[in-house]
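These are the residues of each chain, in order.
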Amino acid sequence: MSTTNLISSSYSWGQFTPTLVLVGLALLILIADAFLPRLNKQTCPILGAVVSAGVACFTAGSSASALFTSLACAATAVCLLMAYDYRSLVYASVAGGKHEDGAAEFSALPLLACAGVCALVRSRDLIMLFASLETVTLASYAMSGYFRRNQGSVEAGVKYLILGAVSTGLLVMGAAWFFGATGSFTGDPRFVLAALSNPYLSVGMLLGVALLLAGIFFKVGAVPMHTWIPDVYQGAPTPVSAFLAVVSKLAGFGALLIILLPFIMLQTTVRDMVHSLVLMLAIVAAATLLLGNLGAIPQQNAKRLLGYSSIGQAGFILVFFVSLRSTIIGPVFNYLLAYGIATLMAFYALAILRMQRGSEELSVFRGLGRTNPRTAFMITVSFASLAGVPLTAGFLAKLASFQSLIGSMGRPQFIGLWLLPIMIVCAAAGFYYYFKALRFMYWEKPQANDVPVVFPPVCTCVLALGTLLLIVLGVTPLLF
Amino acid sequence: MMQNLPWLFLVLPLAAAAVDWLLLARSPRAAAGVSIASALVTLALCIAYLCGMQTGAPAAYAWFPAQGFDLNLGLLMDALSMKMMLVVTGIGALVHIFSLGYMKGDPSNLSRYFAGLSIFMFSMSCIVLADSLVLTFIGWEMVGFSSYLLIGHWYHKDAAADAAKKAFITNRVGDFGFLIGILLTLGIFGSLHYADMAGHMKVAAGSPVLTAAMLCLFCGAVGKSAQFPLHVWLPDAMEGPTPVSALIHAATMVAAGVYMLVRLQVSMGLDAFTDTACCVIAGIGAITALLSALMAAQQDDIKRVLAYSTLSQLGYMIMAVGLLAGEAAMFHLYTHAWFKALLFLAAGAIIVRCHHEQYIWNMGGLRKKMPLTVLCFLSGTCALVAVPGFSGFFSKESILEAAWERSLPLFILGIIVAAFTTFYMVRLCLVAFCGKARTHEAEQAHEPGFTMLAPLFVLAILSIISGYGFVADQLVPYAEFHAESAEWSATLFAGLGALIVGGGLAWLIYGRPASLAAKSDPLGANRFSRVLRQRLYIDAFYDRVLVGGVQYWFSCLVSCVDDGIIRRLIGQGLGLLTAWAGHLLGRIQDGSLRGYTMMTALGVLILMLILIILF
Numbered sequence: 164m165s166t167t168n169l170i171s172s173s174y175s176w177g178q179f180t181p182t183l184v185l186v187g188l189a190l191l192i193l194i195a196d197a198f199l200p201r202l203n204k205q206t207c208p209i210l211g212a213v214v215s216a217g218v219a220c221f222t223a224g225s226s227a228s229a230l231f232t233s234l235a236c237a238a239t240a241v242c243l244l245m246a247y248d249y250r251s252l253v254y255a256s257v258a259g260g261k262h263e264d265g266a267a268e269f270s271a272l273p274l275l276a277c278a279g280v281c282a283l284v285r286s287r288d289l290i291m292l293f294a295s296l297e298t299v300t301l302a303s304y305a306m307s308g309y310f311r312r313n314q315g316s317v318e319a320g321v322k323y324l325i326l327g328a329v330s331t332g333l334l335v336m337g338a339a340w341f342f343g344a345t346g347s348f349t350g351d352p353r354f355v356l357a358a359l360s361n362p363y364l365s366v367g368m369l370l371g372v373a374l375l376l377a378g379i380f381f382k383v384g385a386v387p388m389h390t391w392i393p394d395v396y397q398g399a400p401t402p403v404s405a406f407l408a409v410v411s412k413l414a415g416f417g418a419l420l421i422i423l424l425p426f427i428m429l430q431t432t433v434r435d436m437v438h439s440l441v442l443m444l445a446i447v448a449a450a451t452l453l454l455g456n457l458g459a460i461p462q463q464n465a466k467r468l469l470g471y472s473s474i475g476q477a478g479f480i481l482v483f484f485v486s487l488r489s490t491i492i493g494p495v496f497n498y499l500l501a502y503g504i505a506t507l508m509a510f511y512a513l514a515i516l517r518m519q520r521g522s523e524e525l526s527v528f529r530g531l532g533r534t535n536p537r538t539a540f541m542i543t544v545s546f547a548s549l550a551g552v553p554l555t556a557g558f559l560a561k562l563a564s565f566q567s568l569i570g571s572m573g574r575p576q577f578i579g580l581w582l583l584p585i586m587i588v589c590a591a592a593g594f595y596y597y598f599k600a601l602r603f604m605y606w607e608k609p610q611a612n613d614v615p616v617v618f619p620p621v622c623t624c625v626l627a628l629g630t631l632l633l634i635v636l637g638v639t640p641l642l643f
Numbered sequence: 149m150m151q152n153l154p155w156l157f158l159v160l161p162l163a164a165a166a167v168d169w170l171l172l173a174r175s176p177r178a179a180a181g182v183s184i185a186s187a188l189v190t191l192a193l194c195i196a197y198l199c200g201m202q203t204g205a206p207a208a209y210a211w212f213p214a215q216g217f218d219l220n221l222g223l224l225m226d227a228l229s230m231k232m233m234l235v236v237t238g239i240g241a242l243v244h245i246f247s248l249g250y251m252k253g254d255p256s257n258l259s260r261y262f263a264g265l266s267i268f269m270f271s272m273s274c275i276v277l278a279d280s281l282v283l284t285f286i287g288w289e290m291v292g293f294s295s296y297l298l299i300g301h302w303y304h305k306d307a308a309a310d311a312a313k314k315a316f317i318t319n320r321v322g323d324f325g326f327l328i329g330i331l332l333t334l335g336i337f338g339s340l341h342y343a344d345m346a347g348h349m350k351v352a353a354g355s356p357v358l359t360a361a362m363l364c365l366f367c368g369a370v371g372k373s374a375q376f377p378l379h380v381w382l383p384d385a386m387e388g389p390t391p392v393s394a395l396i397h398a399a400t401m402v403a404a405g406v407y408m409l410v411r412l413q414v415s416m417g418l419d420a421f422t423d424t425a426c427c428v429i430a431g432i433g434a435i436t437a438l439l440s441a442l443m444a445a446q447q448d449d450i451k452r453v454l455a456y457s458t459l460s461q462l463g464y465m466i467m468a469v470g471l472l473a474g475e476a477a478m479f480h481l482y483t484h485a486w487f488k489a490l491l492f493l494a495a496g497a498i499i500v501r502c503h504h505e506q507y508i509w510n511m512g513g514l515r516k517k518m519p520l521t522v523l524c525f526l527s528g529t530c531a532l533v534a535v536p537g538f539s540g541f542f543s544k545e546s547i548l549e550a551a552w553e554r555s556l557p558l559f560i561l562g563i564i565v566a567a568f569t570t571f572y573m574v575r576l577c578l579v580a581f582c583g584k585a586r587t588h589e590a591e592q593a594h595e596p597g598f599t600m601l602a603p604l605f606v607l608a609i610l611s612i613i614s615g616y617g618f619v620a621d622q623l624v625p626y627a628e629f630h631a632e633s634a635e636w637s638a639t640l641f642a643g644l645g646a647l648i649v650g651g652g653l654a655w656l657i658y659g660r661p662a663s664l665a666a667k668s669d670p671l672g673a674n675r676f677s678r679v680l681r682q683r684l685y686i687d688a689f690y691d692r693v694l695v696g697g698v699q700y701w702f703s704c705l706v707s708c709v710d711d712g713i714i715r716r717l718i719g720q721g722l723g724l725l726t727a728w729a730g731h732l733l734g735r736i737q738d739g740s741l742r743g744y745t746m747m748t749a750l751g752v753l754i755l756m757l758i759l760i761i762l763f
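Chains as they are written, first to last, in the numbering used here: chain A, 164 to 643; chain B, 149 to 763.
Keep in mind that the hints were calculated from the coordinates and are not lab data.
Don't take each hint at face value.
Unchecked claim - Some chain B residues judged to face chain A by a derived CB distance under 7 angstroms, without partners named: (1) LEU741; (2) TYR744; (3) MET747; (4) THR748; (5) GLY751; (6) VAL752; (7) LEU755; (8) MET756; (9) ILE758; (10) LEU759; (11) ILE760; (12) LEU762.
To be verified - Which chain B residues stay away from chain A? Per the calculated CB distances, all over 10 angstroms, these: (13) PRO176; (14) GLY181; (15) ALA227; (16) LEU234; (17) SER256; (18) ALA346; (19) MET349; (20) ALA352; (21) HIS504; (22) VAL535; (23) LEU623; (24) PHE629; (25) GLY672; (26) LEU694.
Claimed, not checked - Label-pair ranges, simulated between beta-carbon atoms: (27) THR599/B <-> LEU583/A: 55 to 63 angstroms; (28) ASN464/A <-> ASP710/B: 29 to 37 angstroms; (29) ASN257/B <-> SER226/A: 48 to 56 angstroms.
Owing to the predicted nature of the structure, the values given are computational and were not obtained by experimental measurement.
Cβ atoms here follow ideal geometry from the backbone N, Cα and C, with glycine treated the same way.
Model the full assembly from the supplied sequences, consistent with the hints where possible.
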């Protein structure tokens, strides 16, 4: 009883304003969809995008949770805009294009998931963390299997559901072990320290942490919980893939920060007690880097490639956690920002190409350098930022990741000595596979029947804004 | 905020280039307007600073901190850099305006052309305003890039594309040395900021390391300022549009090497320039001056004559740097910039009006067809050959005086070069402007329009007055510069003698009626002339021996390594390995849900084991 009281008393309604606004809007859209038959379905994603962009501006602040909230809302807004440009395929999927009933769900689901993220980054105990994480996950299940007539989408939905269920099970189990060892869901450093110092409890608590982390690694896309990513990203509708790659991953890293927070706070006092945790994080980071970046090399499908790339980028973010310091929150957010902008741009361009050239292979980029030089330039900037080319935000983000590792060189087991070469190899591999898309744009001639791709104005604006942001953030480190 | 105003010198042209390139690719007039506006605003800003406007020290830009070495890029605003900026932005603005007339009706993409000019202005300002060798190097590479773009502007012409490539690659050779020199400097001085160099030398004055560092830095100047033996790219660079040649390959970029060396002399102190280094620098300068003056004497293309003459004048400047006479080098750089830009632009006007005819033996009689242009060209010529009273006279005198004081052989070489300079310029003027028109195109030539004439007038006035003390003391890019009035001294007599000998010889050979009507050089059959026409076989030597011989064998060796070890062993080996790994990954990532769950479970078990066993 006392624990429940403690939990409910540590939150206020005001903290959940963004969540409530987004949930309210999602419900409004669902009701309108059901009861207003003449509602123009195009307005739903636009409305959702405007409101979540508004929430993003309204919540912007300097605290970690405010930063994460506004990035999640902004990314959701972009995904909704993408869904707006993707509407013809959405209509085709719900009723074979005959009518548009139910198409508004496609706008409500991302809003619900985003509401979960907003609650997640403000949670201070495992119960709230679990509830909000499940909100994100449940909405994502429905979204990835949304194209019911498309076998790939259905398969993606089912895979995501089952593997997600496994991860949820691990998370709950971990929470139970954690509670058993520390007697608290809040992760109060004092309780954690007490459990660590007790030889009978410490093993149980670390088991609990391992299971909790495994549950979170599913969201983040880290080895060994990465298996769903390539298949689901490839099969899910492109706006959903973008959402999973950016917002869902952001939720995962937010949860990871919350779970590791007690260890970060204890770091100076119990350095020796957590070194196995540090080593485990380093091993996971290395495996994630290798698997994501090397696995991306042979890929020919652009969405699958971006899936592997998202695993690889998660590896670079995990490297920050190896140092277990409180100073990593800023760089982790910066990395997510740079990665999020570039990934959204890549998926957006891919969504438009998918609609007009009917394929998601890397070869859809062919000849864009000639037919659409400006858009090709913007796509180039986004891929360059993902690869980490200087003067783009991605470069500074990756640099921070390297520096954080070099800064903690003297750790036990000399982690830096073997992790650093792996990072270098993986960064180099990134240049190879990201530039494959650029090769198609500039070195392949357009085919005879290729016409210039018409990028809708919304898409062009988003791409231009993203390009500007990537370059501005890349050359003005003071902002970063 | 106001203190960061000088950053406009870099931001404006860069923004103009970006706008031209990205937004105005289809509207050349607007693109030209944007570029010209940016050039004029930077010129106005520069004049405002020279007139005494103060905004305080601009903030340095810290790109990212690295342990122990912070990459701070800042601007250095002193007399040397600001007055150099006046030369760059002044000539830049005039060339921008001239280009409007010159490129009118050209079928190529003018937005690309003006974007190239703007990006050049950005890069050149980087070099001039840099407060550290890092920013200098960034600008150094960027001018190389913009020069590549502009030489190859008419890229469908093979000659232009090849020339662009040749310029870029030749410059890269020098840049490798420059980069090594920068690293050596970092080791010797502990900093790359010009302000932190003086008095921080960690090695003894005159030590071999210092010589090596100076010579490596000088390599950069050899490439950029086209000194022997890397001078071969500059004459070929004349394939670019003529205004580009005036701006980049005569007035500003090629002088960057001289500017950089003088900047180093000012900030490191003269101690850093060891005797050996000075000997080599002055020697290379003198050799370049002599060889290119010789080659210029037998060129038949109006732009190539001017190009070789630029080489020869750059040789003078480098020689002055080697003689530790930085103020004389900068004085000559400054007068040369005005009159050589004038000569190139006037030549450009002539070329356009003769329907892109550059062969001087197809011209003739132009003084009657386009008298104003020819008058401008003649005033530039007088400045170049150092007729007393013109700007070039004063600056060349100061270099010769420095040589007279320090080294007699270099002084004699300088006088010989002066005589040849007069010879080839008088030859050029006689052949192109006197006599009768040799072809129909030359017959039809007429005066160019206002946008082309106006810059010529401005430059003509500057090339006359810029040498006099009352102008030079204000504008020469050197701190506390003071022009000395000419005195009756040995150097003056020697200079006048060279002028008379060279001019008289040219008059005797090319002033005859037979020569004035000839269709080709009357000396052309001469064996000595043939050698000069073949550019002393230096280019041929590079093609045959370096490219065809050394590079061929080296490339065979490299290809053995490349093919055998890298491709077969590493490439295919890695390829097989990756393919195998990819195959394995593919097998794992086969879409089977059971497999995925299995992997997840195993992975989690391993994680738990790591945590518990290692605890």
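Hints, one by one, checked against the model:
1. LEU741: Hint on LEU741/B: holds, closest Cβ of chain A at ~6 angstroms, below 7 angstroms.
2. TYR744: holds (4 angstroms)
3. MET747: Result: holds, 6 angstroms to nearest chain A Cβ.
4. THR748: Nearest chain A Cβ about 6 angstroms off; hint holds.
5. GLY751: Interface hint status for GLY751/B: holds (2 angstroms vs cutoff 7 angstroms).
6. VAL752: Constraint on VAL752/B satisfied, holds at 5 angstroms.
7. LEU755: holds (5 angstroms)
8. MET756: Result: holds, 5 angstroms to nearest chain A Cβ.
9. ILE758: Holds - the Cβ of ILE758/B comes within 7 angstroms of chain A, reaching about 5 angstroms at its closest.
10. LEU759: holds (5 angstroms)
11. ILE760: holds (6 angstroms)
12. LEU762: holds (4 angstroms)
13. PRO176: holds (16 angstroms)
14. GLY181: For GLY181/B, whose nearest Cβ neighbour in chain A is about 21 angstroms away, the distance exceeds 10 angstroms, so it holds.
15. ALA227: holds (30 angstroms)
16. LEU234: The claim holds: LEU234/B sits with its nearest Cβ about 28 angstroms from chain A, beyond 10 angstroms.
17. SER256: It holds; SER256/B is separated from chain A by about 17 angstroms at its closest Cβ, greater than 10 angstroms.
18. ALA346: holds (30 angstroms)
19. MET349: holds (31 angstroms)
20. ALA352: holds (35 angstroms)
21. HIS504: holds (30 angstroms)
22. VAL535: holds (50 angstroms)
23. LEU623: holds (34 angstroms)
24. PHE629: holds (36 angstroms)
25. GLY672: holds (47 angstroms)
26. LEU694: holds (30 angstroms)
27. THR599/B <-> LEU583/A: 55 to 63 angstroms: holds (59 angstroms)
28. ASN464/A <-> ASP710/B: 29 to 37 angstroms: holds (32 angstroms)
29. ASN257/B <-> SER226/A: 48 to 56 angstroms: holds (51 angstroms)
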